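Novice: Residue strings, one per chain:
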Amino acid sequence: MPHPFRDPGTLPFQSTSIRRTIIACYCAVILAATPLWWLTTSIQRLPLNLDINSLHPVSIPVHVVTSNAHRLDGEFRQAVQQSLSSKAWKAIDVKFFDTPQDTLVQTYHIRPSDGPTYVQGNDIFYPLTDSSTPILAKLLVDLIYPFTEEHDHRHVSVQYAPRYRLAFSLLNEDAADGDHIIDWDIQGALAKYFSPFLKSVSSLHNFTIESQVQYHAPLSVQARTQEDGSFALSQEDLAVFINSAEWSLSSSVSNDPVLHFILFVPSRDHRPLRILDLDGKPSSSSSFILPQWGGVVMFNPPETQVLRVDDLLSPSAAFLGQLHSLLGVPRSPALVNHQPREAGLSSWQLDTMLRKRSIENIRDSQDTLRSIVRLVNQIENMPVGEKVRGAVDASLAALRQLQSVRSTKDIFRRSADAVHSASSAFFSPDMLAMLYFPAEHKYAVYTPLFASGLIPVLGAVVREIKAWKDERKLARAKVA
Amino acid sequence: MKSLCFTALILSLITPAWTTTPTEQFYEELSFRNLKDGRVATRFSFKTVLNGSVPRDPSTLGQEDQSQHYRLFPLAMGQILREYALTELHLTLNAGNWDYDRWGYLDEPSVGTGAELWTWMADGAPSSIDERWEGTRNALGGLFCSSLGGLNDKRTTSPESVFRPEGDLPDWGKPHRLRHASLASENVCTENLTPFIKLLPCKALSGIATLLNPHRLFDADWHGLGVHVVWNEHTGVEISLVIQAVLNPFRFSQEKTIEWSFNSLFKKQVERQCPIASASTLSVSFPAGESWSLEPQGSKSEGGVSLYDLAQAQYPFDLQAKASTDLSTSVHEDFKPPLRVQRALNGPSQAYGRLSVSFSNTGAAPVQALYLETMPWLVQFYLHTLTASANGTENGELLSHIQYTPAVPHGKPATVQLEVHVPAYTEVLLTMEVAKSFLRYTDHPPDAQRGWDLPPAVVIPFLVEQNSSSNAISLRKLPRMYTNSLLVDLATPDFSMPYNVIIFTCSLIAFLFGSVFNMLTRNFVVVSLKDDSETEKP
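Here the protein sequences line up with chains A and B, keeping their order. So the number in the working numbering is just where the residue sits in the first sequence, counting from 1, plus 863. So the number in the working numbering is just where the residue sits in the second sequence, counting from 1, plus 422.
FYI, nobody ran anything at the bench for these hints, they're computed from the structure. Fair warning: there could be bad hints in the mix.
Here are the simulated EDC-like pairs of lysine to aspartate or glutamate, each with C-alpha atoms no more than 20 Å apart in a straight line [what the hints assert, rightly or not]:
no., chain 1, residue 1, chain 2, residue 2
1, A, Lys-1062, B, Glu-816
2, B, Lys-469, A, Asp-936
3, B, Lys-899, B, Glu-588
Footprint (simulated), chain B over chain A, 3 or more residues, beta carbon under 8 Å [as the list claims (entries may be wrong)]:
no., stretch
4, 883-893
5, 1001-1010
6, 1041-1048
7, 1072-1079
Only a predicted model underlies this, so the values are computations on that prediction, with no experimental measurement involved. Cβ atoms here follow ideal geometry from the backbone N, Cα and C, with glycine treated the same way.
Just need the whole structure built from these sequences, with the hints factored in.
Specialist: Here it is, written out as structure tokens:
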């Protein structure tokens, strides 16, 4: 009996080869599209050309030229090197010579002196008669790097910044009680007492100066009444002295770190106001420093309403001392009993500061770079863009250049560049971009589409392979 | 005369040595105005003048600035003004709608609902004006704990003919430009008042600022604060910090008499004098025809206004005011607005609507009004549908000088500026069809919301005065008025839906894909049922 329909197997599109071609085409399209999909959905993570282990400590060369007159032996050299190696993270590489070697490298000369010991420029004048090498070694170390480990850990000095804002505030605790300071000639005082210092550190920092007067600055702590009728603040009170809720001290417009200097005038009911030392006895000092923040001077005013430049002498001296500590200015070694007066800073102090800042900057930039690498390795969703990589490269380049420069100023400049680039990479907002779109969300979106689309394709592929195998088996059986 | 000149010359030669910093003066002023509905409008004004100072020239922005040394001027504001070289700045944060009909106007023109910021600054800086504008609003937003960052490019316009500088503009050879933005949804609250008080030389610890009790101020029917910085050629940079509130004494009084005192309004009194104020004044004014008794008496009283000099007052100072007659029912003529403006957005649909603005003039003189509508691109105008009608009859001649800047979707707002002539005893109605935008899913704010607030429109009325002798017509400009803000409801998706939608869409795509794929690859076989049943049966 003839079949009423045509056999579908004879239709052209029902042939096995065409069907297999169609399936192959689907697979080809899917395979070809996969890289595109991968490319458009992956996070840009450029490789950082940075091996953490390659960040080795940088050494800063210092030369010491000794005169033959002193006959300083190996013991002296060893003492200096040993003393320095325990400080400054072993970053100072001190070498001894009889004659000056390299004019670029920071060089200290030890010269004979007729009178007492003194320091001029970077030269130590040491009496020939005194042959005590330990004392001379200590003096030399104090000039090269006077900061102790303890000093490094107390964190009084602020982190390095190319520009600071110095904010001077005259705070009257309560002006409405009738006895208060209306005005102060801070500009005159700054010009007279501060300018030489600020000028001499201009190679390290720039400063923006501002001042304000406040007439109501209530204390958040209660001043204690003393037996003699005066008032006092204990050391614990000083820790919470700054009443930031009611004093408007903060600076809002720039990112430069602010150092605050506060001249606090207690109200008439709280005068005289003193500071107690740790034993609870009135301290001779009327000022205190707040590490990395600024300084405060208590000022019990004479009968005056306007402070002239001369009235501001002692507060200014206190502020200047606090600024020295905040910026990490080294003190003169105790041994030096006679020092030629120089305006502002002496050159050895400046060199020591440059050296200290360089060492800190190098350490900071290396730490930051390490943290970046660790962070990027830890968080796989974190994008690493061109900007971040560029900043990391710039920081590394600056660190690499450090090996080739010798003068203190050049080393400092490179180290400042390195720390600036490293922190701009670390705080780059680009690195946060994709953190809010976790992988789970992606799968939640993809699965309904891809799973249900791919299953028929896979099914068809499997079926065809099976059919093809059966065919081959059949064909082989036929041949056999 | 000669000797006087000589002394002046000598003085002017000597004084600069003393006054290296500009001298500063601080004035505080408190005023009360009794309104006809029994409420009390109060206005605190704190003005600091930096004598002889000049705003920063923008061309010096790249260079080191001079040191800033202030005694009374708020340092935080000084920093912002100099950092962005602003010549003039006006920031107001208000809550509530100012009722011109009952409360009158002329106190302080900036009463629009929400936040409004406008600045005049000169060109010629290394950074563009828009960059400085962005920095300014971010800095002010940070200073006042306010979301001024929302005053972004989508809200910023430059309607220079409406917001004229209120002070002088220095001539640096570069043009000055205006930037203006308002955000109706930004409300004022305690967190804005605290930083505001910190800018005052006497904070809230002495002087009239003692009365600034946030519990009472923010409980008022209308309240707002403002910061205005202008430069006057003859004095210098002036900053005015202003707080206004419309308080309702009835709510706080136990007896049903019309009386108020500092204590009843603010729960506070002025305890001490601000020691550095060059002048502290208090003024109390009454509607005409009412008689009030005040305790203590003012030092001067003229034209229904009692004046007090708080420098000579007895402290603690409290003012008691008591009405001895019934309240009158008319607005004080001086405070009566020349126009009544009402604006509404009608239409039930989420796609289209109609904007209608009515100007009613109840006076006997015609009024010319400059109308400025700034509309974020959320609502788009069909300008060809703009019609004007006077008392119901269409009359296109009432409108003139129409300027229209279309909106840029997702970018700039649209502005319509036009002049309306409102004849005496007439209500002029403007209508225009608008389209409401369909927003992208990311354009919606992440939090729950009631709709989109549209900023108030601004009207500047001009009184048309006819000179009887020469028949010449002159226009007298009056302070600007604000319309009410509007709320628009845009089509909003159900935000719990995106994943469901994604899954539905994916399933549909997968279904279509699967069907097509199966059709293409299926092996069709004809099955003959009859034959099969016969052969398969045993």
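Novice: Against each hint, give a clear statement of whether it holds in the structure.
Specialist: Against the structure, the hints:
{"no.": "1", "hint": "A:Lys-1062 to B:Glu-816", "result": "violated, 76 Å"}
{"no.": "2", "hint": "B:Lys-469 to A:Asp-936", "result": "violated, 74 Å"}
{"no.": "3", "hint": "B:Lys-899 to B:Glu-588", "result": "holds, 14 Å"}
{"no.": "4", "hint": "883-893", "result": "holds (count 3)"}
{"no.": "5", "hint": "1001-1010", "result": "violated (count 0)"}
{"no.": "6", "hint": "1041-1048", "result": "holds (count 4)"}
{"no.": "7", "hint": "1072-1079", "result": "holds (count 8)"}
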